[in-house]
Amino acid sequence: GENVEQHPSTLSVQEGDSAVIKCTYSDSASNYFPWYKQELGKRPQLIIDIRSNVGEKKDQRIAVTLNKTAKHFSLHITETQPEDSAVYFCAASDLVNAGKSTFGDGTTLTVKP
Amino acid sequence: SQTIHQWPATLVQPVGSPLSLECTVEGTSNPNLYWYRQAAGRGLQLLFYSVGIGQISSEVPQNLSASRPQDRQFILSSKKLLLSDSGFYLCVCRGRRGSYNEQFFGPGTRLTVL
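Here the protein sequences line up with chains A and B, keeping their order. Numbers 1 to 113, taken from this note's numbering, label the letters of the first sequence in order. Numbers 1 to 114, taken from this note's numbering, label the letters of the second sequence in order.
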């Protein structure tokens, strides 16, 4: 089955700096890669996603890049703000095979004011 | 868009007691439904998924079972809870968002087994 590894497990940055979280996956059949933000005690919320036919996608301060050959994808947050502090999860999904997702273990991002 | 309901929101149960968590979905028909568990400080582990009524696939051997008695109802059960069953249980529905299939998360049930 799919295996997703996420690094780092914790990340602390100064407000205004950039944050980068990286994930690798193992199953070449995975074709959909969402990123979720989870605040304490709440459900994960989708913040950005990318499909395997695209190499990069950007939404304001958030961007995701995908390297299918190397089987890794990354989340980039620019101009970080204290409200960006949360746990971020990457996931790899095969939209054909019942759409199951395998999640990374999460990255706790702390943005210091 | 889809709306997912889960109950109860929180639950404290003794070891060895039974469990029933319910998930219902509105705003879609014949969805793919999933049960995930999130242990404290960890990622989400897929427990079960269902592509239709009465169809259940288990991802990991465990003390839990799932059922889908109706199209938009998904139930997670256990006959005897273990301490290791504690966690945050999320019901997820895969639905359409434009040309994408997005996962919609329910609000979750926080289970503590003592």
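It should be emphasised that the hints constitute simulated quantities derived from the structure, not laboratory data. Worth double-checking, as some hints may not be accurate.
Unchecked claim - Label pairs and their computed distance ranges (CB to CB):
1. B:Gly54 - A:Ser9: 36 to 46 Å
2. A:Ser26 - B:Gly52: 38 to 48 Å
3. B:Ser67 - A:Asn53: 18 to 28 Å
4. B:Ser20 - A:Ser18: 23 to 33 Å
5. B:Ser58 - A:Gln14: 20 to 30 Å
6. A:Gly1 - B:Ala39: 13 to 23 Å
7. A:Ser26 - B:Leu82: 24 to 34 Å
8. A:Leu46 - B:Asn30: 33 to 43 Å
9. A:Glu83 - B:Arg42: 17 to 27 Å
10. B:Leu114 - A:Pro82: 32 to 42 Å
11. A:Arg51 - B:Gln70: 44 to 54 Å
For clarity, every value in this text was computed on a predicted model and none was experimentally measured. Heads up, the beta-carbon is just placed ideally off N, CA and C, and yes, glycines get one too.
Hints and how they fare:
no. : hint                           : verdict
1   : B:Gly54 - A:Ser9: 36 to 46 Å   : 40 Å, holds
2   : A:Ser26 - B:Gly52: 38 to 48 Å  : 28 Å, violated
3   : B:Ser67 - A:Asn53: 18 to 28 Å  : 37 Å, violated
4   : B:Ser20 - A:Ser18: 23 to 33 Å  : 46 Å, violated
5   : B:Ser58 - A:Gln14: 20 to 30 Å  : 45 Å, violated
6   : A:Gly1 - B:Ala39: 13 to 23 Å   : 19 Å, holds
7   : A:Ser26 - B:Leu82: 24 to 34 Å  : 29 Å, holds
8   : A:Leu46 - B:Asn30: 33 to 43 Å  : 22 Å, violated
9   : A:Glu83 - B:Arg42: 17 to 27 Å  : 24 Å, holds
10  : B:Leu114 - A:Pro82: 32 to 42 Å : 36 Å, holds
11  : A:Arg51 - B:Gln70: 44 to 54 Å  : 32 Å, violated
In summary, the numbered hints that this structure violates are 2, 3, 4, 5, 8, 11.
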